[in-house]
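Use these hints to put chain X onto chain H, whose structure you have.
Chains H and X, in that order, give the protein sequences.
With the first letter of the first sequence counted as 1, position 92 gets the number 92 in my numbering; the numbers rise by one all the way through.
With the first letter of the second sequence counted as 1, position 41 gets the number 1041 in my numbering; the numbers rise by one all the way through.
Among the hints, erroneous ones may be present.
Unchecked claim - Selected chain H positions facing chain X (in silico; Cβ < 7 angstroms):
| # | residue |
| --- | --- |
| 1 | VAL40 |
| 2 | GLY41 |
| 3 | PRO59 |
| 4 | ASN72 |
| 5 | THR74 |
| 6 | GLY79 |
| 7 | ARG82 |
| 8 | GLY83 |
| 9 | VAL95 |
| 10 | THR96 |
| 11 | TYR98 |
| 12 | SER106 |
The hints are simulated quantities; they were obtained by calculation from the structure and are not laboratory data.
Every residue, glycine too, gets a C-beta built ideally from N, C-alpha and C.
Listed below, chain by chain, are the residues.
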Amino acid sequence: MNPRLTRRRFIKGVIYSSAAAMSGAGLYLTNAQSQSSAAVGRLISINVNGRTRSVDVLPQETLAHTLRYKLNMTGTKLGCNRGECGACTVLIDDVTTYACSMLTHSVKTRTVTTVEGLRSPDGQLHPVQQAFLEELSPQCGFCTPGQVIATVALLKANPRPTREEARQALAGNLCRCGAYDHYLNGVMRASGQLS
Amino acid sequence: MPSHDVMPNMELYQPVQVEDALALAARLAERGWLLGGGQDTYGWLKDRAKTTEAMIDLNGIEALRGIRETADGIEIGALTTLTELANNPLVRERYSLLADAAIKVASPQIRNVGTVGGNLAQDARCWYYRRGLSCYRAGGNLCYADTPQGMNREHAIFNASRCVAVTPSDTAPALVALEASMVIRSNTGERVISAEDFFVGPNVDIRNMTALRPGEILTSVRLPATWANATFYFEKVADRNVWDFALVNMAVAMRESGGVIQNARFVAGGVQCTPRRLVDVENAVRGRPRSEATAQTLGTLASQGARPLNHNGFKVHLVDSLAKRALIA
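So here's chain H without its partners, still in its complex pose (with noise of 0.2 angstroms):
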């Protein structure tokens, strides 16, 4: 018997050996899933507010749940979870979207965006965050994470919006405490339209 393969060297071979055979079920499992006759797998990459997050995301789990329990994103608010108040709107590709009716499994090759990601790196807030602020728009402030995001969309694509446009760009976000001329209030001073 050779003197040099210990009890404790045999044992370190078999770990290696069946490492080996895992990772190679792990890529053909990878490889399956690259076929779409396959279900989703669990871990996945999503790129929120600019940085690639490697997260386990349930094949029914929303977007609002994934940013609020598993990346501790709270900014994004959730109200009713239905797509019935708007509190939980963040963008998707620069687009308006309810993070609570959208599968987090539907992102994977997209950009999202939350009110996290819309401060400067030095920490200055947002021109519509801080118009917002000087117009009091938010009450209570639920809702205003969703207007946020719902106005940055609305300025994105039109930079000079009519008081009714902003209106019918903001129509999908609901407040509580119907603040809503101090939000508009707030679209006009962030486009530059109140002095």
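Relative to chain H, chain X alone:
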């Protein structure tokens, strides 16, 4: 009713080819659930009012998106979003009726992900049914809405048959008015049916609002040139301007020539289980000018045969008023 923030466990398939989706739909049949924008789906699943073993997410199939010009009109991929539909130059130029209907659906965020196919194939919005009660539509043997205590303000005034739910779609009446046809594919082939035949009432099939069968996918909607650039009228009456489903909506296409209406299609939504052609109104306006006087001659023609429930008598007047407004507005 138990309400949950998360959906129950299920599998998710994300095919990128139509053929793969059709194979999955055929294999899973009743055990699978086709997913467009999901805005009708997730409520069912979160509420546990309906469940499924697997979702087939169609959003990755690029071939089902977009609007193409065809030899005779246009073809709209079923996965085209309502926002894309409302903003599409071809649709706005030639079939503004459909763009006007699409922009009235739900809210901006829902239109951004909600699809044409999903808007057409969405399920009834009767709250007794959505609550998961065992009504006729859910396979039971009674209707909770059509009872002395039933809350039926939003329900049908025409052609109820056990179930009194109405079509919730805003685009459906527009597509029936435009004589659209639906392209339905399955593993075994393709069939094309008219929009009028796509929607089925409870007297035909009480469990399904459309002619889609398990294993089938609505892949596109074709609009013929018949009504391109006609005179259009669309109006939706709802309790709120955003989110709400129509109490009554009206989609009208008219061909005018020599100062009179040569031909017209009047279609009302929210009054029965399917979009309702107002054939009597169409016949009455033919050969007459589009005017206040013609509107007055309609009288109560649009609501002939209506059988309102306890709380929806207002829909009778609404459908008459909207038919008249199409000739004035």
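Violated hints, by number in ascending order, as checked against the structure: Checked against the structure, the hints that fail are numbers 2, 4, 5 and 6, while the rest are satisfied.
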